[in-house]
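K.L.:
Chains A and B supply the protein sequences, listed in that same order. No gaps in the numbering here: position 391 of the first sequence is 391 in our numbering, and each next residue is one more. No gaps in the numbering here: position 20 of the second sequence is 20 in our numbering, and each next residue is one more.
FYI, nobody ran anything at the bench for these hints, they're computed from the structure. Check before you lean on any hint, since a few could be wrong.
Intra- or inter-copy, both count: the list cannot distinguish identical chains.
[As the list claims (entries may be wrong)] Pairs of lysine-lysine, DSS-like flavour, derived with a Cα cap of 27 Å:
id, residue 1, residue 2
1, Lys397, Lys206
2, Lys61, Lys307
3, Lys81, Lys36
4, Lys61, Lys378
5, Lys36, Lys87
6, Lys249, Lys313
7, Lys61, Lys26
So you can see what is in the structure, the chains are spelled out below.
Protein chains: 2
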Amino acid sequence: MSEKQVKEITSRDVDFAKWYTDVCLKADLVDYSSVKGCMIIRPYGYAIWENIQKELDKKFKETNHQNVYMPLFIPESLLNKEKDHVKGFAPEVAWVTHGGEEELQERLCVRPTSETLFCEHFKNVVKSYRDLPLLYNQWCNVVRWEKTTRPFLRSREFLWQEGHTVHETKEEAQEETLRMLNIYGDFLEDILAVPVIRGRKTEKEKFAGAEATYTVEAMMYNGIAIQSATSHYFGDNFSKAFGVTYLDKENQTKYVYQTSWGFTTRVIGSMIMTHGDDHGLVLPPNIAPIKVVIVPIGKGDTGVLDKSYDIAKDLKLANIETIVDDSEKSPGFRFAENEMKGIPVRVEIGPRDISNNTCVLARRDTLEKKEVSLDNVKEEIIKLLLDIQESLFMKAKIRRDSMIHQASTMDELNDIIEHESGFVEATWCGSMECENKIKELYGITSRCIPFNHEKKSGKCICCGEDADTLVVWGKQY
Amino acid sequence: MSEKQVKEITSRDVDFAKWYTDVCLKADLVDYSSVKGCMIIRPYGYAIWENIQKELDKKFKETNHQNVYMPLFIPESLLNKEKDHVKGFAPEVAWVTHGGEEELQERLCVRPTSETLFCEHFKNVVKSYRDLPLLYNQWCNVVRWEKTTRPFLRSREFLWQEGHTVHETKEEAQEETLRMLNIYGDFLEDILAVPVIRGRKTEKEKFAGAEATYTVEAMMYNGIAIQSATSHYFGDNFSKAFGVTYLDKENQTKYVYQTSWGFTTRVIGSMIMTHGDDHGLVLPPNIAPIKVVIVPIGKGDTGVLDKSYDIAKDLKLANIETIVDDSEKSPGFRFAENEMKGIPVRVEIGPRDISNNTCVLARRDTLEKKEVSLDNVKEEIIKLLLDIQESLFMKAKIRRDSMIHQASTMDELNDIIEHESGFVEATWCGSMECENKIKELYGITSRCIPFNHEKKSGKCICCGEDADTLVVWGKQY
Numbered sequence: 001m002s003e004k005q006v007k008e009i010t011s012r013d014v015d016f017a018k019w020y021t022d023v024c025l026k027a028d029l030v031d032y033s034s035v036k037g038c039m040i041i042r043p044y045g046y047a048i049w050e051n052i053q054k055e056l057d058k059k060f061k062e063t064n065h066q067n068v069y070m071p072l073f074i075p076e077s078l079l080n081k082e083k084d085h086v087k088g089f090a091p092e093v094a095w096v097t098h099g100g101e102e103e104l105q106e107r108l109c110v111r112p113t114s115e116t117l118f119c120e121h122f123k124n125v126v127k128s129y130r131d132l133p134l135l136y137n138q139w140c141n142v143v144r145w146e147k148t149t150r151p152f153l154r155s156r157e158f159l160w161q162e163g164h165t166v167h168e169t170k171e172e173a174q175e176e177t178l179r180m181l182n183i184y185g186d187f188l189e190d191i192l193a194v195p196v197i198r199g200r201k202t203e204k205e206k207f208a209g210a211e212a213t214y215t216v217e218a219m220m221y222n223g224i225a226i227q228s229a230t231s232h233y234f235g236d237n238f239s240k241a242f243g244v245t246y247l248d249k250e251n252q253t254k255y256v257y258q259t260s261w262g263f264t265t266r267v268i269g270s271m272i273m274t275h276g277d278d279h280g281l282v283l284p285p286n287i288a289p290i291k292v293v294i295v296p297i298g299k300g301d302t303g304v305l306d307k308s309y310d311i312a313k314d315l316k317l318a319n320i321e322t323i324v325d326d327s328e329k330s331p332g333f334r335f336a337e338n339e340m341k342g343i344p345v346r347v348e349i350g351p352r353d354i355s356n357n358t359c360v361l362a363r364r365d366t367l368e369k370k371e372v373s374l375d376n377v378k379e380e381i382i383k384l385l386l387d388i389q390e391s392l393f394m395k396a397k398i399r400r401d402s403m404i405h406q407a408s409t410m411d412e413l414n415d416i417i418e419h420e421s422g423f424v425e426a427t428w429c430g431s432m433e434c435e436n437k438i439k440e441l442y443g444i445t446s447r448c449i450p451f452n453h454e455k456k457s458g459k460c461i462c463c464g465e466d467a468d469t470l471v472v473w474g475k476q477y
Numbered sequence: 001m002s003e004k005q006v007k008e009i010t011s012r013d014v015d016f017a018k019w020y021t022d023v024c025l026k027a028d029l030v031d032y033s034s035v036k037g038c039m040i041i042r043p044y045g046y047a048i049w050e051n052i053q054k055e056l057d058k059k060f061k062e063t064n065h066q067n068v069y070m071p072l073f074i075p076e077s078l079l080n081k082e083k084d085h086v087k088g089f090a091p092e093v094a095w096v097t098h099g100g101e102e103e104l105q106e107r108l109c110v111r112p113t114s115e116t117l118f119c120e121h122f123k124n125v126v127k128s129y130r131d132l133p134l135l136y137n138q139w140c141n142v143v144r145w146e147k148t149t150r151p152f153l154r155s156r157e158f159l160w161q162e163g164h165t166v167h168e169t170k171e172e173a174q175e176e177t178l179r180m181l182n183i184y185g186d187f188l189e190d191i192l193a194v195p196v197i198r199g200r201k202t203e204k205e206k207f208a209g210a211e212a213t214y215t216v217e218a219m220m221y222n223g224i225a226i227q228s229a230t231s232h233y234f235g236d237n238f239s240k241a242f243g244v245t246y247l248d249k250e251n252q253t254k255y256v257y258q259t260s261w262g263f264t265t266r267v268i269g270s271m272i273m274t275h276g277d278d279h280g281l282v283l284p285p286n287i288a289p290i291k292v293v294i295v296p297i298g299k300g301d302t303g304v305l306d307k308s309y310d311i312a313k314d315l316k317l318a319n320i321e322t323i324v325d326d327s328e329k330s331p332g333f334r335f336a337e338n339e340m341k342g343i344p345v346r347v348e349i350g351p352r353d354i355s356n357n358t359c360v361l362a363r364r365d366t367l368e369k370k371e372v373s374l375d376n377v378k379e380e381i382i383k384l385l386l387d388i389q390e391s392l393f394m395k396a397k398i399r400r401d402s403m404i405h406q407a408s409t410m411d412e413l414n415d416i417i418e419h420e421s422g423f424v425e426a427t428w429c430g431s432m433e434c435e436n437k438i439k440e441l442y443g444i445t446s447r448c449i450p451f452n453h454e455k456k457s458g459k460c461i462c463c464g465e466d467a468d469t470l471v472v473w474g475k476q477y
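Chain A on its own, in the form it takes in the complex (with noise of 0.2 Å):
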């Protein structure tokens, strides 16, 4: 690959679509297999993969769940147990049906998600209040048969985790709910530097077989939305559905309460295209599995490399992940391969930096250049590293509000589908026809109802009918 291959990528301004294609190739994340629909996720993208759920599992942890592994199949019979949920997931499911030489009495479902072998096992392992609650999660792969797919953010395999947990009340289930949910905005917003809108999915929206689904919402830079985590509170349906009961204190039989929370390989995709620029890949340096490149220039006998690798080691054993690239390929190569991978902080050192005791940090998400003394380097990339984080979430978030606009009437509706790109916030009355509707005539859905504008009294953008919603409406992924 020469320098301009590497730089040659389609500007994310021309071509969207081609520009997340050529950054999630020529950033070394995946490659295509001769399966269709599924993809290869390399060592880099995997990196970011195991970064992930390092951090998530941490929290999970902290917050006392314990990780389980079910089956990867479902049987067929077992699946249609609650009606909305088959519904929802079967016109979309691998199936196996022979195993070795033999048919199988019964076929198989490939799992899109395991809220029904989680039931049975509850079932099995819950006979008291004493045995409540139960905090499970699982990682896993799972399958769902997309016609249409894209690296990261559709694929018919992906990995995630599902979290299933089992209470006593609904208020306790209602609170888990709503912590996990939050537990992935402030990741997607802290570590992923991702601003997103949490709020509640409306009815139409909200999964095969919940009471209620909650969202983080991202905006990608092209004003698309990409649902970027759920999670579920279920009420007793699946408990009814499967006989999920226990004893409470007073002895009597009760169905459970519980709840189901999700988090894909599929936000890797909402990353890349919030941060991205027309250099590639933009990481924050939270999730980076490389945090600092240090290039050394003109080697030879001059101590350049030497001091490299001395900034590097010195770096390391402040758990800041560093790497020497010293291949013979030209600076401006290395630059613009570095770029294209999206580590956060470059060092670039020569020998007339030797002599001066300085050298050079340039930081990705810029561009910016500055020289530094050697003496304090490690200092200020630690601080330089912090302001990158920062940056991206703040420039992130400022693009995003800048693309939310408001309407009030079904004209101003269309004149913002017209003239602009992102979100559009407006009352609604609730009416599953509005919702078609608006879905018909703009292409746009209820990405969710935020939380602090859950009542809003106006008219319904749609039929002018008193309204008491605000809903985000938008394009999505």
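Fit chain B to the given chain A structure using the hints.
P.N.:
Just chain B now, kept in the frame of chain A:
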């Protein structure tokens, strides 16, 4: 569950198979599901697997391996590319034939192992000697359609890691194969306290598509072998079938040399069957999710509870995972329950202990008790944990060694098979005919050719011809 029920497991000397299943279920490691042949790994079982993953993953990363993720599905045509490989696996794969409502044009196999997918990817990404070696690993689930299944040991779906590496030379690939085998062997012995015989598989027993397969073989309490991990040297078998080539320094196109190696959840079964006893599970301290359980006895206003939590706090600060079991159940019940779970050390503390400034330490492996001063309880526990780890290994090793028999004639072999359990060492001419005959007559297979005995001159135990190879034979799970 009453105290009696906890204790009521089949004795391992009466019915070892039943004992094993009892332990897996009663120690809350696994549960059955309606998916035939697939198991649910419960929190306590999964915590053991997480500890295994953490430790092995560290070793892989220290030896410069990178994690990746390949698709779950393999198109039938891709699986068919390496002839021996497909012959070995096709009879036991699960086939996906439908996605949603539609029949697939080509059926997909649920991965039983991922050589084919890795090779296809390697063909894409390996161009020049500068790209080599590629040292990849993935943690995932795999499926093999087994007829008879048993928790951990043999299930239709299991969890594992599979390493796949690509090298310029034979020597480098062979070195890698043995490096990884020794990482497995050391892990089994040092962490799981399971003594193993390291060696090479015969041609008959090697992996489908490999040039050589190396193994670590463990002997269970009942004398039956478990192949606990394997490492394969592929030569250029797969690279020729898949066309994986690189340009060497002289710009010549060369085929790469490859390896693969795997470690699965079945090893949890090995560990249970090596150390467990009639009271349940026995976990080596180096892998136990909980190392110490503190059981306060006769609580009330006696300072017992406070002291229990003080000790727990101290131990946790020293990174020793500790729980306080202060449930309302009787001490006897709690003792039995924690013994079933194999927690290495139990601390018993009652009001009289408080006044005497002592407590009792009970070790799970020997069930011995010892009174110690509360002043140095932490130091005593640390010593005890080290001692338990070492004792478990030594005990297992002495037992295993006492169950390895030597035979130099078929009569001797016959005699051993009739009266003893365990392994048999015998010299072998190297012909598959003799190997098959021994299997047919006695139901034993060649476990491996141990490294320290590869050259051993004598007569073949079967045909009487000259032999220069020592083989360890045994029944296997």
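K.L.:
Run every hint past the structure and note whether it holds.
P.N.:
Going through the hints against the structure:
no.: 1; hint: Lys397 <-> Lys206; in the structure: within (26 Å within a copy, 58 Å between copies)
no.: 2; hint: Lys61 <-> Lys307; in the structure: between (41 Å within a copy, 26 Å between copies)
no.: 3; hint: Lys81 <-> Lys36; in the structure: between (30 Å within a copy, 18 Å between copies)
no.: 4; hint: Lys61 <-> Lys378; in the structure: between (32 Å within a copy, 25 Å between copies)
no.: 5; hint: Lys36 <-> Lys87; in the structure: both (25 Å within a copy, 24 Å between copies)
no.: 6; hint: Lys249 <-> Lys313; in the structure: neither (59 Å within a copy, 31 Å between copies)
no.: 7; hint: Lys61 <-> Lys26; in the structure: between (35 Å within a copy, 24 Å between copies)
Violation of the numbered hints given earlier is confined to hint 6; every other hint is satisfied by the structure.
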